[in-house]
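Chain by chain, the residues run as shown.
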Amino acid sequence: MADKQRDWRREENDEDEEGEQELDESSFKAQKDAVLLAIEVSPSMLEPPPASSSKKAEQDSPLQAALKCAHHLMEQRIISNPKDMMGILLFGTEKTKFRDDKDGRGGLGYPNCYLFTDLDVPAADDVKALRALVEEEEDEDEVLKPATTDVVSMSNVLFCANQIFTTKAANFGSRRLFIVTDNDDPHASDKAARSAAAVRAKDLYDLGITIDLFPIAKGESSFDLGKFYDDIVYRDVNAEANGTEVRTSKSGDGLSLLNSLISNINSKQSPKRALFHLPFEIAPGLRITVKGYNVVSRQTPARTCYIWLDGEKAQIVTGETTRVAEDSARTVEKQEIKKAYKFGGEYVYFTPEEQKSIRDYGPPVIRIIGFKNRNLIPAWASVKKSTFIFPSEEDYIGSSRVFSALWQKLLDSEKIGIAWCVLRSNSQPVLAAVIPSREQSDEASGTPYLPAGLWICPLPTADDLRDISAERGLDCSEDLKTKMRVVVQQLNLPKGVYNPLKYPNPALQWHYKILQTLALDEEVPEKPEDLTEPKNKAINKRAGGYLEDWAETLKDEADRAARSRSLKREVEDDGVSERPAKQRKAAAERPSGSTFSMAQLKAAVESEGLSKMTVAQLKDVAGAKGLSTSGKKADLVERIEQWVEENS
Amino acid sequence: MADKESTVFIIDLGASMKATNGGRKESDLDWSMSYVWDKISNVVASNRKTLCVGVVGLRTDETSHTLAEDGYDHISILQPLGPMSMSGLKTLQPKIQPSKTTEGDAISAIVIAVDMIDTFTKKNKWKRQICLVTDVLGVDFDAPDYGYKEEDKPAVKKQNEETLKKLVDGCGEDARFASIVEAIDDMNEPRAKSVKPYKTYDGSLTLGDPKNAPAVVEVRVERYFKTHLARPVTASTVVVKEEQAGPSQAADDEQMEGVELTAVKQSRTYKVNDPDAPGGKRDVEFESLAKGYEYGRTAVHISESDHNVTKLQTQKSFKIIGFIPKEKYEPLLNLGESCVTIAAKYDEKSELAFSSLVWALSELDSYAVARLVTKDEKDPIMVLLMPYLEPNYACLYDVPLPFAEDVRSYQFPPLDRVVTISGQTITKHRLLPSDELSQAMSDYVDAMDISNYGIDQDGEPAEYATIDEIYNPAIHRINHAIKQRAVHPERPVPEIPPVLLRFAAPPTELVETVQATIDSLIKAADVKKVPPKAKGKRQREAVKPISGLDVDALLGGEKKGSISPENAIPDFKRALNSSEEVEQIADATKQMGAIVQSLITDSFGDNKYAQAMESIGVMREELINLEEPGQYNEFVRDLKKKLLSGTLGGDRRDFWFKMRWAKLGLIIQSQSEASTVTLEEADEFYKSR
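Quick note, the sequences are listed as chains A and B, same order.
Following my numbering, the numbering of the first sequence begins with 1 at its first residue and continues without gaps.
Following my numbering, the numbering of the second sequence begins with 1 at its first residue and continues without gaps.
Hints listed in this document are in silico derivations from the structure and should not be mistaken for laboratory results.
For each residue, glycine too, the CB sits at the ideal point set by N, CA and C.
Mixed in with the good hints there might be a few duds.
Stretch-level coverage of chain B by chain A, calculated; a stretch enters the list once three of its residues show a Cβ under 8 Å from a Cβ in chain A [what the hints assert, rightly or not]:
| # | stretch |
| --- | --- |
| 1 | 83–94 |
| 2 | 231–240 |
| 3 | 343–355 |
| 4 | 515–522 |
| 5 | 570–576 |
Keeping only pairs whose Cα atoms sit at most 30 Å apart, straight-line, the calculated DSBU-like set for lysine-lysine is [claimed, not checked]:
| # | chain 1 | residue 1 | chain 2 | residue 2 |
| --- | --- | --- | --- | --- |
| 6 | A | Lys29 | B | Lys529 |
| 7 | B | Lys18 | B | Lys100 |
| 8 | A | Lys313 | B | Lys271 |
| 9 | B | Lys328 | A | Lys268 |
| 10 | A | Lys513 | B | Lys316 |
| 11 | B | Lys196 | A | Lys342 |
| 12 | B | Lys18 | A | Lys502 |
| 13 | A | Lys83 | B | Lys271 |
| 14 | B | Lys544 | A | Lys272 |
If you want the footprint, here are the derived chain B segments under chain A, 3+ residues with CB under 8 Å [what the hints assert, rightly or not]:
| # | stretch |
| --- | --- |
| 15 | 204–210 |
| 16 | 368–380 |
| 17 | 402–412 |
| 18 | 440–446 |
| 19 | 459–472 |
| 20 | 609–615 |
One chain only, chain B, in its complex shape (with noise of 0.2 Å):
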């Protein structure tokens, strides 16, 4: 649970905050606003009822507040405090309008802010916040939290600022006085959400067996979340609601502004194959099915009683297997999240052990594997755990590793030789570096190092890009994104603000000092850009075993341009191969067409379907090669007809929507020059029925 807090605004609306200053194009309230408007909105978006925020406006033409007292003319509540709601949003929205008088003290508007705060939150464990937003001093200030000053501000209001300031500092440390430049800096800088520590595990981290062995490390351990993958708001799915889906709606996206939405739910039905039931199946209740799983393609049922009888028994407990050398791991293999343990508080024979093994760990560059479960029939992993010691810090990490069954043993060629068929090795070769591109690299990759590019905080060189400089661009573009839009439902989408793509390339000085090393890499590495026609072209000349045999001399002439239903992939591209007319290519295709229609039409429910699509495909692929998109399209329009019009036995919509799922439709300029096609009427090929 995060802390309750309660926030007031307090907005100078005074008819000098219209003015426009320091060369920008909007009001000096509508600049601060944008300010306000992402704190307010980052109020509206975590929709927490223990998160308010009340809004004060100064220097207002009218006055309604609660303090029936003199003195507090000019001001008035814009929004009571309690937790803010998109509708809440939207009424104050409009209220924020600049003044016609310039009457209004800030100082009474703080005590009514700061009445507010104690009306609401009584007595009770509140964090409290007032930000004041003013031109009083020039622009603008700060009570207990943010705000702002202007540098060159009249002397006049000097006294002013020096009285404000007076009034934050003696607010206590928590208290900013800053000018809305900072404050808005401020703002565009990515705020990682803060979460609660939560622990993973709590009991004993042991080596041996504490029930048999004489003696064995038992300690009282507690793990916790090191890292946790934070993932961007995502989307719900959602439609129109009813009343005002008209059937001239038609999903006209310019005009969802008013339009209300409503959630989308989602139902299931289930189904079995019943070979009576017209199209092979048949509904089935849902009450009348049992809970099972997949034995490959065995269905294997577990009653309710035994649900649990295929989950592996297991006891909370953390056990040390072993240790490694720290050099002898590869950080490839964590397999996500990693975690802290540390030793139970209070437990001095705890803490000591713990101690001991850190420190044994860290002297000895060793790490520990152990093997973890986290509770009472949990599944149970397996951890390696990295010792780490600071001052007033000592802990140790872990990663988890994989399984046997997590590693796919998938064999690569080696990267420092290359062996011949004849299985000779080799060193020098076109596919291996040179010793000038060896060199060339090794230059370019010592230039571009960035572990002491960055700056830190004193100005000295420290590390580029650390985790803590690094924001998930996708969160906070999307939130960023949600509220602007929340707030101006009118602007477009703003642009990625640039902080997030900070390390989306290298640093720019850093690629200019080094251009010199870049082009000459660049020149050693040779390399050459595979033009784009020339990868889907067609090879003309024949696909040869590893022997290099010509097999299509094996055969004999007559044969190569039928082609026989049972191999009529292989008939087909070998008709195609050995064509040299474009009337034999065409012969090919009408049998490989007439094989497909009466695959549809054989078919029973759909079970020569996949062999027919796979017909197709190949058709396709292969006359998009030899540059005959003509007669692909003759053949699907033709297919097309067929299909719908159910003379391949039956009613075949279905394959139809098979075809257009696989995008097998016609074949457009873009795919094969030849073609007259065009993507629209592409597109109206698949809508049309």
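The shape of chain A in the complex, shown without the other chains (with noise of 0.2 Å):
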């Protein structure tokens, strides 16, 4: 039902949605992620790092870090994958645990696994059991417990998380397991166990469910893949080309093992479903493959729903809809509707077919028409969200070489591509800049949390443009400009780069907080700490003694430019009282400041004006046009007589 409804609306909506529908590529499974964290329970994991008395000492066991890290996980899907499943299942624990279901074997025929949260969509409780487990000291449940008899089957630990997806998660488009552990050879000294390991891993490769391995290292030691997992975990097929090596999770170099963990299980937080898999025609007759992902795109909290409260439990209700027709109210079948544009009152209609031609500008596409300067691109040519483009070898074989060569050349000589792009087919056709993005190592990135490949700009197009036409304010002196370099120097952002990650969206978590805090029925917590506020304290003592040299030296500037003002607006009005009063107005109001016009001081010299002037008034006008500003009243009237005799 839940299926129908996402589609009905997708199609009501195309028009807007446009490019934000990912890559089908089965159309019969649901496009929905689910994740499957199952984490290792033995006396290593449980071990307390070496005691140290320095502050930056790693504070976590192996698994305090991993449930932590699991707890981060399932609060930040609850906001960024809101309809995706999450499961947590401990393996190596004494006790053993699988659903408390009717038509179930329970436990049985999976000892030492201990399900902790079934996969699915979580639930505050969930979120609360974990946090418990996380923060309390003592295991009250003794969930946490090693086995202490055999070693654990790894085959069935593999074969319970079959069993897992596939009830639970049946038919969805992504399906993964995550196994965190410190172990990398269970089985070293039984063939037979690592033989029916490998058995049931293909098993799990063969429903589709991809194995990501977080391996923990401890000390010196490595995590050697060579001798277990490599015959547990498959490439993925949809990968690129190039593969990803696994990351080992480790403390050291000032980060601990948790933010070690949480940064290798954050890369892999979203399945990587790409938008498109299109061809990228870079020249006439060469094209390649290139599939598009959607890296950076705007997070907003989950509509608000309906909820029914008279039964027993508070449930979210489904609405289904009815079409009728507005001059009848009868209900109107599917195949009776038909579209129409509101034209002059009445509507025009097309076929289905005509709307479809209308709609078509060929098959989809994205063809590079040129090649421009970036600098030429001006800075607020932007109206939409970029999307990164990666190539892939599924159509075209060698698409990698040519796409990576094309990138390097981009970046080398400081240009852009200029793209027609039909992204998807019936889809708007736009005009994008195809931009690159550098190595994340790259020293000259501006973009080290971003991927290196290409990004589709959308461009605006003439439609787009609003113009703003408004008369140019007045112009500060040298003396200010340089004031406030100074202070601009001072107060760059770290290493000089916007790192989004290190600003989350107040409103965001603020609302997910309080979500949060009314379904566990918690105290609703202070306001919380918002990054995104300017460091006002860091920024007065960094630049303050600027700032105040800067304010005297525009507040200088500021009075003198508004006695030239109000100067000028009297001149106005005693000098040229034949014009309208509408037109004065008008033109005293013109904020061309100290420019005083010819005619106006023309007009001030005739009818003696000047002589009426303010000192501090003379010398604004007199400074405004170049002249010295010393001397007596006499001598700056007599100063700005000849210079208007001379100049007029």
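Got two chains here, each in a separate frame; can you build the complex from them with the hints?
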């Protein structure tokens, strides 16, 4: 039901949500993601870090770090992937627990596997239970007590995961098993057990379940994938030809184990779903394949829903829409519905075929029409988010090397491509800039948190431009500019980049924080720290003095400018009073400041208006005309009069 | 609010307008009217009360107007000045026919038009226009606004033209005198709709804490949209009006002309899960529902009194948090529409402070990052402020920046090196460009540089495809089609105007000149298209884990053929993989089919549907790969029969709908060559019950 609704909505808003829909490799699958986090519980995972007096020393045992990370992941996914599922399976535990299913076999089939959170969209209680496990010093239920007997059978763990996925997340487009362990060789001496695990891993592969390994290494020892996990982990068929390596988490280099683990798991937080898979026509007759990804995309709080409170438990209602004709209120069947355009109070109708032909701009493609210097794209040329593209060898062998050559050239020559893009059939064509992003390790990169590749940045069209006509205000003095320059130089952001990862969205975080407290019946928390607020103390400390300096100069200049403006107004009022009132007002308000016009000055000279002005006002006028401002009033008047004579 | 406008079109309907000139197929009248209809249909499309048109016929057989004086014969008001509707347009159309007369005076018609405008607009503020379309001079011409002239007009009419030209010139700067060719050209060039500036913020821009710090930057500013995404008109959902929707109506699209349509509204009903209700769901009253949010799968109810409780309390503010060097910013981070900020007017202190900030940023090649709350209680956003200086203009442009949550940290492999499984880094590899390819690409990119390929108004080289030359094809395409359809319902949908496809491909001439460079690039690239067959084709060699272990070999042969319900899909795949005979495939398919049926039979409500769907999907995919579509088709025919006849644990029509939705029906020839099923048969299979 839910799926149907989602699809219906998609159809309804297809104009708006263009490009939002992710590529559907096999249409019979639900586009959802399920992650099962399997965490090993063993004496070595429980071993606390070596005691140290250093404040920065590791605080967590590997297991604690893994659980904290799971908690973090769960809270994060509720925000970022609200429809997706997550579960937590502890393995190697003394206790055994599967589902409290009626028809299930209980935990009997999977000894030493403790399903702590069943695979589902997380509920508030799941978050609470997990948090309790993380925070409680004493493990009352002894959930985290490792098995004392044999080594835990990995084939058993994998089959347990298989059953969890098959029943709870059937037909999901993306199913992933994350294994967190510090044991690189669980069946060192048991070849049969190793083989059995390999067979179960192949089952998972056949089910389309991806295994992602998050190895934890301790001290100097490294995690050797060759011992066991290379038989378990498969290359992702959808992954890029040039595969990514498994990253080991460990503490050191100022990074705690927890942070290292969080960063590794975060990179797999959302399944890497491609938005599109398209030919990229770099030159006439030269096509390669690229896939598009939504790497940067605005996250907003989920919309409100309706809740039914009369039952035992609050329930979210599902809505169903029926369509009725406006004139007669009769119910309308789907096949009766037509699309028409309002035009002059009536409808202009096109048949579905005609509609389609109007929207048809040929088969989807990204086609380069030329290259430009990067600086030709104006700073304001932005209307929509950009899409990341990366080569794929699926349709054209050799795509990667051609893409790489183009990417390198664009970076080296500071150029960009201009491309005509039809990103899916019947979607609006857009003209976009094709902009390269640098390698993360590149010193010059302003985006070390983004992958290297090309980006499709839609350009505005003439239709999107708004005309802002505003006259330029007063220009400040060189002195004031210089003083402001010093201030700016003092206040560069760390490393001179805007790193979005340092700025969580305060409104989004607050929304979910409150929801969480309401759901768990907790106290409403204090206002959280808002990292997007300016660090005023630091600003004052680093640039306070320079700011004072600047402010003083500004005050002087502003006073002078204000005087000169009001003076001009007076002169106009006196000198040219025959002008209609309306016009005079407009003229007086013109923000042209000390640029006293020649005509105005001349009028003032002739009507002896100059001598009625104060010394300050005269100085201002003289200053504005580049004359000396020294001397007595008579000198100033004379100097200005002379200047008017010479220059008119 | 746009300006109020009134336009009177004077259309020469004299007998001479029947003539066909200039090698055209249409008469002069029809050809000229294509311009007028375009203008009038723009008015209809706008649906504005303050955009008025009137139409006066000149050299008509009859005389019908409001001036009771002599000398105004053969002039008729065909459409009084006023807003134009679709029905007005339809009434007007048949009136535009060439007359039998050549009598009638253009100047008199202008007098009448002026009188119409005077009477209608009174002394109020209106934009007033008269458009005269006539062949008095040869073909056409124009009074206060557009018009036409013909180059090779007879000398006799020269004086006429001069008279009219003088009249036009006397009307002031806004009047134009042009040939229809020019007018029609003008019409083909898309027009961007101009929208009045919209102020998005009006308040202080600050650096530092105005409450506590001794000195801060505090500037009164105004912020406006610089870009705002224009969207094409959207179609409304309509149905044929009831009195006409007879049983024979049957959605016959050919006969839509003259049929009246009415809008469709939506009404929603709400359901909750209730195990006791038939079908597991029951309706609930909308009035009994409360608002709330989902936190994961937990429903969080928010009472009416504190509906704002999840909203972050904010106050209108615009605070600079720091600066970054320009070269460290990548425009690919831009999240949306840009705005422009300028200093508040008539405030010397703000103007000067703003000026110093813009200048300082500009001189240092720096940008500012700021946190913006456009109004109290609005969510904060981060924006990047970029200085811009022109002789008459100083401003800060801004674009929205992402927050932490907006960036998905996907991992991608590096582009300039290959890391092998053993951890080695290689720089020479088939996935990386050779030196030759890099050089060819570099040559090509330089050759195709269009930074200077365009031509400006003075004929000098200029940037090609600048933003003000690019129009949104979707907007103008649909508008063009709607206008055409409204005026000429009988004509087919027009082709895409070529101007909208100007930038759909690289400039042809440029491509011709750099063809040699392109050829060497193609040669160096050596890209090979993957044959379409091989793509979906099943890989015969077994999939192996990273170690390359042959997992299938680990299993004893005896287990391979049997499929267990718990591990159905992997077992099925393994059985197919090890099969050598068609019988083995048939056996596996049969076992799998039985498992699917028992899943459906045992399903309480729809709780096992997803599992069954997944299995069916895998069967379909695998049997296509094995080129055994017949086996799947046989299975799916049987399944459909059982679903609809209710032999799988009751009414399972809902499952059949799901299958239709997911397109899991018959495999057709285009999907697998071995199939004997045609597209029509497959469609029929979906439809029939």
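We went through each hint and held it up to the structure:
Only residues whose beta carbon comes within less than 8 Å of a beta carbon in chain A count, and the stretch 83–94 of chain B has 6; three or more means the coverage holds. Only when three residues or more bring their CB closer than 8 Å to a CB of chain A does the claim for the stretch 231–240 of chain B stand; here the count is 10, and the claim holds. Figure legend: the stretch 343–355 of chain B, annotated as covered by chain A; annotation consistent (11 residues with Cβ-Cβ distances under 8 Å, at least 3 required). Only residues whose C-beta sits within less than 8 Å of a C-beta in chain A count toward coverage, and the stretch 515–522 of chain B has 3 of them, enough to reach three; the restraint holds.
Proximity of the stretch 570–576 of chain B to chain A, defined as three or more residues with a beta carbon under 8 Å from a beta carbon of that chain, is established by the 3 residues found. Annotation: proposed proximity of A:Lys29 to B:Lys529 holds, straight-line Cα distance about 28 Å (limit 30 Å). As the CA atoms of B:Lys18 and B:Lys100 are separated by approximately 10 Å, the hinted pair is consistent with the 30 Å bound. Under the criterion of a C-alpha separation no larger than 30 Å, the hint pairing A:Lys313 with B:Lys271 is consistent with the structure, at around 15 Å.
Restraint check: the Cα-Cα separation between B:Lys328 and A:Lys268 comes to about 27 Å, which is no more than 30 Å; the hinted pair holds. Our distance criterion of 30 Å between C-alpha atoms is met by A:Lys513 and B:Lys316, whose separation comes to about 23 Å. Distance restraint check for B:Lys196 and A:Lys342: the Cα-Cα separation of roughly 23 Å lies within the 30 Å cut-off, and the hinted pair is therefore satisfied. Between B:Lys18 and A:Lys502 the CA atoms are separated by roughly 73 Å; this puts the pair beyond 30 Å, and the hint is violated.
At roughly 19 Å between alpha-carbon atoms, A:Lys83 and B:Lys271 fall within 30 Å of each other, so this suggested pair holds. Using a Cα cut-off of 30 Å, the hinted pair B:Lys544 and A:Lys272 holds, with the two alpha carbons roughly 22 Å apart. Using a Cβ-Cβ cut-off of 8 Å, 3 residues of the stretch 204–210 of chain B lie near chain A, which meets the minimum of three, so the contact claim holds. Look at the stretch 368–380 of chain B against chain A: 5 of its residues bring a Cβ nearer than 8 Å to a Cβ of that chain, three or more, so the hint holds.
Proximity of the stretch 402–412 of chain B to chain A, defined as three or more residues with a beta carbon under 8 Å from a beta carbon of that chain, is established by the 11 residues found. Coverage of a stretch by a chain is defined here by at least three residues with a beta carbon nearer than 8 Å to that chain's beta carbons; for the stretch 440–446 of chain B and chain A the count is 6, and the condition holds. Only residues whose beta carbon comes within less than 8 Å of a beta carbon in chain A count, and the stretch 459–472 of chain B has 9; three or more means the coverage holds. Interface restraint, the stretch 609–615 of chain B with chain A: holds (4 residues with C-beta to C-beta distance below 8 Å; minimum three).
Consistency note: the structure conflicts with earlier hint 12 alone.
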